[in-house]
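Chains C and S supply the protein sequences, listed in that same order.
For the first sequence, the positions run 1 to 108 when the numbering used here is used.
For the second sequence, the positions run 1 to 494 when the numbering used here is used.
The hints are simulated quantities; they were obtained by calculation from the structure and are not laboratory data.
Don't take every hint at face value.
If you want a taste of the chain C side facing chain S, the calculated C-beta under 8 Å gives, among others [to be verified]: (1) Ser17; (2) Gly18; (3) Arg19; (4) Asp21; (5) Ser23; (6) Ser55; (7) Met56; (8) Leu58; (9) Lys69; (10) Asn83; (11) Val87; (12) Ile90.
Pair ranges (Cβ atoms, derived) [claimed, not checked]: (13) C/Gly18 with S/Ala10: 47 to 55 Å; (14) S/Glu39 with C/Gly39: 52 to 60 Å; (15) C/Ser27 with S/Ala35: 31 to 39 Å.
Just so it is clear, CB atoms sit at the ideal spot from N, CA and C, and this is done for glycine as well.
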Amino acid sequence: MQFSEERTGKFYVLNVSGRLDASTSSSFEEKLTSIIDSGEKNILINFKELDYISSMGLRVLLQAAKKVKVSQGSISLCEMKDNILEVFDIAGFTQVFQIYKTYNDAVA
Amino acid sequence: MIEKKNYQIAKISAIAKVEFLPAVTQFVRQAAVAAGLEERDAGRLEIVVEEACVNVIEYSFPDNKNGVYDVIIERLPGKILVAVEDNGLPVDYTKFDNVNDSGLGVFLMRQIADELNFKNTADGGKRVELVKNLPYKEVQEYNQPAAEKKVVQETQLAQAAEETNVDFMLPEQSTELARFVYKIYGSGFNEVSIYYPDKRREEIESGLLDACVVTNSKNEIVGHLAMALSSVDSMVGHSCQSIVDPRYVKHSLFKKMKEFMIDNANARGMYGLYSEVPADNIINQQSNISLNTHEIGVLIGHLISNFSRDKKDAEHKNIRTSSILFYIKINEEPVLNVYPPYHHKTIISKIYNKHKLNRTIRTTSRTNVDRALVDKTAIKVKIVPETSTAYLSITDYGLDYKQHIMFRMKELVHRKIEIIYLDLPLNNPYTQLLCATFEMLGFFFAGVIPEYYETGDVLRLQYLNNVELEKKKLQTASEFGKEILEYVLRAMEK
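Produce the complete structure using the sequences and hints provided.
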């Protein structure tokens, strides 16, 4: 799994690629925690290059969402592939996160 | 003798460390695709396999850096089964007890897998089975004119003299059978596998299902009866999926088919056949009794009378109707020792006597239950979501017997499963002592199914979760049936 970061308007954007599974979730967690700890409140995670997510990945996202909520912030998601969106749907996570279809929709 | 099929495609033994997990799950995904699963379903399967393996890594081997678990992939009739087995620490099921973020993995497993079974194996290990169904076409999707549900008028009754013929169903008749069922029941037949011709074909070819069909003078299917087996060398079969074309109600087709199936079971050297007959179908009950088949129990709310496989709206509420359990003894079986609970001994003895079964009723001398039990209860869980029914089959009692069943009930009630059956092994002395504990949890007597387990008979208990029963009065076709029905109804009231 690989990351790249950028700042665009109101969002701090984290681009994630590869697989978010049991073996990669801890590095994803470290990355997200360091962003939140640096004081970023509005985080947009771009899943355009993400191929797979399991509950370990969902768990990290949920923890991060709870953490950022304390400082009145939020985590938004965009560019999810159908199989990824389906897992969010099944887990009821589409209610928890602001989800944009495209990156442009998110930053508009 | 039917040759046992080898269903296993692959078995991987992996060290219980997360860094090797993606290799395991991706292997499963690719093997599943090669075995016929669609990419999309294989992706879902990969997610649930990961969940099952993570549970093993986190809970079974928390401190053991050298723990090893196995992942087994099997191609069964109509489905892909992935089993994750380990011999690590016993699992604490309460960990999976709620749907917060820590229970998320198991929640996803339940949502995504078509079937999910947790088993404690006899050697002290654990096995989680995940099943994805293969993508079979339903009969309506086949490139033929759509079958239409018809209402048969009195004037359409077939001529009494018309000849009909009973014979084994051939795998290639599966599509015709599905169309026949659709014609009679629309999409309302409770056992849905019959609507999937390829699945049915595989069931027959696997040796786990024998079926017979009746054909009329035009060689059309006008009747069907199946015998399902839990394994190819089962000694007792489940006579099921009885369907008769209403135009032929006066041709005694059910009786002919049942006789055919009894002969078939006899030729296979089997001990007997059991079946469930709708409590409102007196004619069918009478036909069974005329063949020396007798009652062994009553399953309250066993069938859904307004069943439909079509999408249901949120307002839909199942209305359920009951079945009478029947059994026919076909061949002499070896004498078995049984340990019926004291308070059900009389009725169970009557059932044994009625069927002339070779049983010796024993009384256990054990009193201190907890001291002698193994750690974990060996149990198999099967859930049939279409009919909102679950089967809990205990094969051995462990110290956690009560806690384990309470956990299961909570989980099943949460999933809005309406009917829960609990099968207890009658050859196990603890059944005599522990049955009452389960009844205190809300289960009540359903009946006895002879030779249901490889080790012998089961005592079946039943639990109704928020069930709406049809208002019709339950009927039985014999005095013995009436006695069992009254017994079950009294047990339900308690």
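Inset, instruction - Any hints from earlier that this structure breaks? Give me their numbers in increasing order, please. - result: 1, 2, 9, 13 and 14
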